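Spelled out from the first residue to the last, the chains are:
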Amino acid sequence: MPPRLDTLKNTEQELRIFRARALLALAVVMVLTGLLASRLVYLQVIEHDKYSTRSESNRVRVEPLPPTRGLIYDRDGVLLAENRPTYNLTLVRERVDDLDRTLERLVSLLDLPEEDVAAFKKRSRQRQRPFQPALLMSDLTQAQIARLAVNRHRLPGVEIEAQLLRYYPYARIMSHALGYVGRINAEELKKLDTGRYAGTHFIGKTGIERFYEDALHGEAGLRKVETNARGRVLRELGRQDPVPGKNLTLTLDTDMQQLALELLDGRRGSIVAIQPESGDILAMASAPGFDTNQFVTGIDVASYRALQQDIDLPLFNRAIRGQYPTGSTIKPFVAIAGLREGVITPEKVIHDPGYFKLPNDSRRYRNWLRWGHGKVDMERSLAVSNNTYYYSLAHDLGIDRLQRQLAAFGLGQRVAHDVQGESRGLLPSREWKRKRYNQPWYPGETLSVGIGQGYLQLTPLQLATATATLANKGDWVKPHLARKIGDAPLPDELPGTPEDIALSDPDGWDAVFNGMEKVLSGREGTARRTGKGLQYRMAGKSGTAQVFSLGQDERYNAEELAERLRDHALFIAFAPVDDPQIAVAVIVENAGGGSTHAAHLARAMTDAWLLEQGHMPGEDDSDDTAGDSAATARRRTEER
Amino acid sequence: MPRATLSRLLNRHPVRPPDSGMSRRKSLWENLHLDPWLLVLLLLLVGAGLLVLYSASGQRGDTVMAQALRFGVAFAVMAVLAQFSPATFFRWAPLAYGAGVAMLIAVELVGDIGMGAQRWLEIPGVVRFQPSEMMKLATPLMVAAYLGHTGIPPRLRHLTVCALIIGVPVVLIAMQPDLGTSILVASAALIVVLLAGLSWRLIGMFALLLAAALPLLWINLQSYQRQRVLTFLNPESDPLGAGWNIIQSTTAIGSGGVWGKGWFQGTQSQLEFLPERHTDFIIAVLGEEFGLVGMVALLALYLVIVCRGLWLAAGAQDTFGRLVAGSIILTFFIYVFVNVGMVSGILPVVGVPLPLISYGGTSSVTLLAGFGILMSIHAHRRLLPR
Chain X
65 MPPRLDTLKN
75 TEQELRIFRA
85 RALLALAVVM
95 VLTGLLASRL
105 VYLQVIEHDK
115 YSTRSESNRV
125 RVEPLPPTRG
135 LIYDRDGVLL
145 AENRPTYNLT
155 LVRERVDDLD
165 RTLERLVSLL
175 DLPEEDVAAF
185 KKRSRQRQRP
195 FQPALLMSDL
205 TQAQIARLAV
215 NRHRLPGVEI
225 EAQLLRYYPY
235 ARIMSHALGY
245 VGRINAEELK
255 KLDTGRYAGT
265 HFIGKTGIER
275 FYEDALHGEA
285 GLRKVETNAR
295 GRVLRELGRQ
305 DPVPGKNLTL
315 TLDTDMQQLA
325 LELLDGRRGS
335 IVAIQPESGD
345 ILAMASAPGF
355 DTNQFVTGID
365 VASYRALQQD
375 IDLPLFNRAI
385 RGQYPTGSTI
395 KPFVAIAGLR
405 EGVITPEKVI
415 HDPGYFKLPN
425 DSRRYRNWLR
435 WGHGKVDMER
445 SLAVSNNTYY
455 YSLAHDLGID
465 RLQRQLAAFG
475 LGQRVAHDVQ
485 GESRGLLPSR
495 EWKRKRYNQP
505 WYPGETLSVG
515 IGQGYLQLTP
525 LQLATATATL
535 ANKGDWVKPH
545 LARKIGDAPL
555 PDELPGTPED
565 IALSDPDGWD
575 AVFNGMEKVL
585 SGREGTARRT
595 GKGLQYRMAG
605 KSGTAQVFSL
615 GQDERYNAEE
625 LAERLRDHAL
635 FIAFAPVDDP
645 QIAVAVIVEN
655 AGGGSTHAAH
665 LARAMTDAWL
675 LEQGHMPGED
685 DSDDTAGDSA
695 ATARRRTEER
Chain E
1000 MPRATLSRLL
1010 NRHPVRPPDS
1020 GMSRRKSLWE
1030 NLHLDPWLLV
1040 LLLLLVGAGL
1050 LVLYSASGQR
1060 GDTVMAQALR
1070 FGVAFAVMAV
1080 LAQFSPATFF
1090 RWAPLAYGAG
1100 VAMLIAVELV
1110 GDIGMGAQRW
1120 LEIPGVVRFQ
1130 PSEMMKLATP
1140 LMVAAYLGHT
1150 GIPPRLRHLT
1160 VCALIIGVPV
1170 VLIAMQPDLG
1180 TSILVASAAL
1190 IVVLLAGLSW
1200 RLIGMFALLL
1210 AAALPLLWIN
1220 LQSYQRQRVL
1230 TFLNPESDPL
1240 GAGWNIIQST
1250 TAIGSGGVWG
1260 KGWFQGTQSQ
1270 LEFLPERHTD
1280 FIIAVLGEEF
1290 GLVGMVALLA
1300 LYLVIVCRGL
1310 WLAAGAQDTF
1320 GRLVAGSIIL
1330 TFFIYVFVNV
1340 GMVSGILPVV
1350 GVPLPLISYG
1360 GTSSVTLLAG
1370 FGILMSIHAH
1380 RRLLPR
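As given, the protein sequences belong to chains X and E, one line each in that order. Here the first sequence stands for residues 65 to 704, where the numbers follow the working numbering. Here the second sequence stands for residues 1000 to 1385, where the numbers follow the working numbering.
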């Protein structure tokens, strides 16, 4: 028996001690329970909102639904940019048993080149949210997909995921105008609206793809999903569908663009064709081009370096960024300048001894024909491309008036409505020279501008725009590449359209047009060989731009010069003269004289547009007739 | 409360229930040697626990059945132990204690290593056994038996013996290493000493000594133990690692609000954000699905059980019985406090299950064995000579 009964007193005392302590213990129990209860009140009542939010964000994941990028069509509905399904290899690490072994297997299955394996493995180790697939490789080939499918059971956690990838069916001929999309880089990411681009991997990098990025991209949707702690999606709680990007219809004509690139084949240069009435850019070619498709998934380093270091600069968009001296193609605009400022009339005749001399200056500014053209009026000045006439006219105008009048044609400014990365060119002025060189303007420099040399530098797009404005008799229409954004056509009057160019005597236009027509059709026309067999009235002007400056009285000898130092060949044209449907600017780098090396390219363009494509005015618009007339026209051409 | 009043109040408790006409005929419960009040409260607790477990296990009937079966065994153990007289426990205490210490030494030599600690002793094919679990009862029993023998309040030399009795198993368990259990064993035994009327002067001195020893203890902690303490102090420091448990459990409880999200509706619990949701952290499931109301109800139930236990302890026949009963019921409360405190983020994470709610057999059996001893002490009191 446990307690030997010592005394009753001891027992009573021990009982009292215990009961006192037990009561104390009960008090402690009460206090501690109260402590727990108050902690619970704190968590469940006072901080309830905070923990509710936290529990919701634990449970609910918002997944972005990227929109489908808008398609791009040419003016006739030819698809220029589409979204093709491609297949990506992804890996969910939580479902992979042995990562290293799986990777080894994949490398041998996919036949990966040695240098890609490291990057491939690195990508597989990137930190991700649990149960989120990590992208290992994009754009699998059919053979790779097949091999993966066969070995699927041995590769748990490896999945093939379909993704829409941009594809350009006419990548080589549309390269510069259309541009391309590429993966969003870190710098772009900083500027983007992350909500809108959540889930989007690609963004327009150049050209139309970049300029109309906003419309093409669309609006991202989202879905709310409930996930468990391991990130597995259990059900969809809500959904907001993405709004796909708008389809774009361009003003470009694939046939014209293709022709332009064929005409430039093997050369460096650019052809820009504009429909004067509408401002539609029908062709905007820069040669050589490149395959934009290889930029979509990311071009490999070697190919990119090859493109970058190519001496012909295939990545350079000459049509909008190439800045060239215009040579004599500036002369029609100088003539209009003279008429507007009233310093000359079409009838005024000057005598050309083969050179022009400034007062009090012994230097001779030479005509290209050393013995001179004799009596020259405005029409003849254009037809024979007389320099002396324009030295004199430029001198009479002075640089200030000349610069102002040329600027009215958009020269030296960004003229297009929706061309990404356009250069300004350079239309020199007194202020420009002071700022640039801190020197006064010398009268001799005005003469150079008058014949399209000296500081003057224009882009092919500017030259084509000025030609279109000329063809419109001064009515301005801003050139543009987009025709319709979604279903909405571009507004007729684009913002920032310059003021129309008015002549006090509208007959002045005809004088200039006649002169330009004689370039091709006149007995003395510089491009009379090109003008043979014309079935419509075509106006043009040749230009030969010096790359290599000659000293006074030096003779130019093409053979002696290295190819890259030869003159650029230029030609501007529009047709038909009485109702212009197309204006063209052609530049062929280092080709030599414009009348012999550029004029026929311009004619091929106008022929194609007017005859083959049936845009001759006054004819029945129906396709049959157009085709007939084009066929007839071709036959006629062949007969000659 | 003045001390005199207090004693008078305490002494009003019947050492022996007043004889009545019915004294000759024992009730059914008295024949079973069970306390009906405590039994009903415990069954209520276990029933509530099974409901929560059903939700916490992801509505798996088999888990609940397995647990119910374990409770069946545990209640049987309780009922059997209640049949023995306290004198038997008094007599067997030294033997159980000695055997336990021997087994702890055996574990140290040949024990299985599980979860980075040697805790299991196995006779292959027969039984797998955690001696430290048995020491949770054997140690306080031994201390109570000793102090019951020497009489209370304990003298200093008696305390030295007590320290030895407590120290040996505690150090052995801590060496496994299983700090959590060793602290629980130590506290169960220390409660006996405190209930025995350890003088306040000595309590103060020990407290000071303990405070001085804390840095020493810190140095000797295993790295995972230190991490637990550090994480407790700042759970956000490692939200995906060690802090995850606490962040998720407080989130579960807090998001439950006053009324809870409803049975099976707790997203934290059902979507597996809550770790250990059917074992150590099961109360967070209750908190999330039944809210503050459910939590307070559970705490109240525990409190009533503790009160009843203390009442029974106070009514025990002798010092040994009182000390043992008091220790058992207060240890029970410590489990509750430590578990709820840990899950709600006011105590560091230590592996203490919620008594009679958490899934798992060993702790339930130990706890109900304790309640069996408690009931025995209560039920056999009139059979004892005075």
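Hints in this document: simulated from the structure, not taken from any laboratory. Be aware that a few hints might be false.
[Stated by the list, open to error] Computed footprint of chain X on chain E; a stretch qualifies when at least three of its residues, placed anywhere within it, have a C-beta under 8 Å from a C-beta of chain X:
| no. | stretch |
| --- | --- |
| 1 | 1177 to 1185 |
| 2 | 1339 to 1353 |
[Unchecked claim] To give a feel for the contact side, a few chain X residues facing chain E, derived at Cβ under 8 Å:
| no. | residue |
| --- | --- |
| 3 | 86 |
| 4 | 93 |
| 5 | 95 |
| 6 | 493 |
Quick caveat, the model's predicted, so the values are computed rather than measured. By construction, the Cβ of each residue, glycine as well, lies at the ideal position given by its N, Cα and C atoms.
Right, here's what the structure says about each hint:
1. 1177 to 1185: violated (count 0)
2. 1339 to 1353: It holds, with 5 qualifying residues against the three required.
3. 86: Status holds, d = 5 Å.
4. 93: 5 Å, holds
5. 95: Status violated, d = 10 Å.
6. 493: Constraint on residue 493(X) not satisfied, violated at 65 Å.
Checked against the numbered hints listed earlier, the structure breaks hints 1, 5 and 6; every other hint is satisfied.
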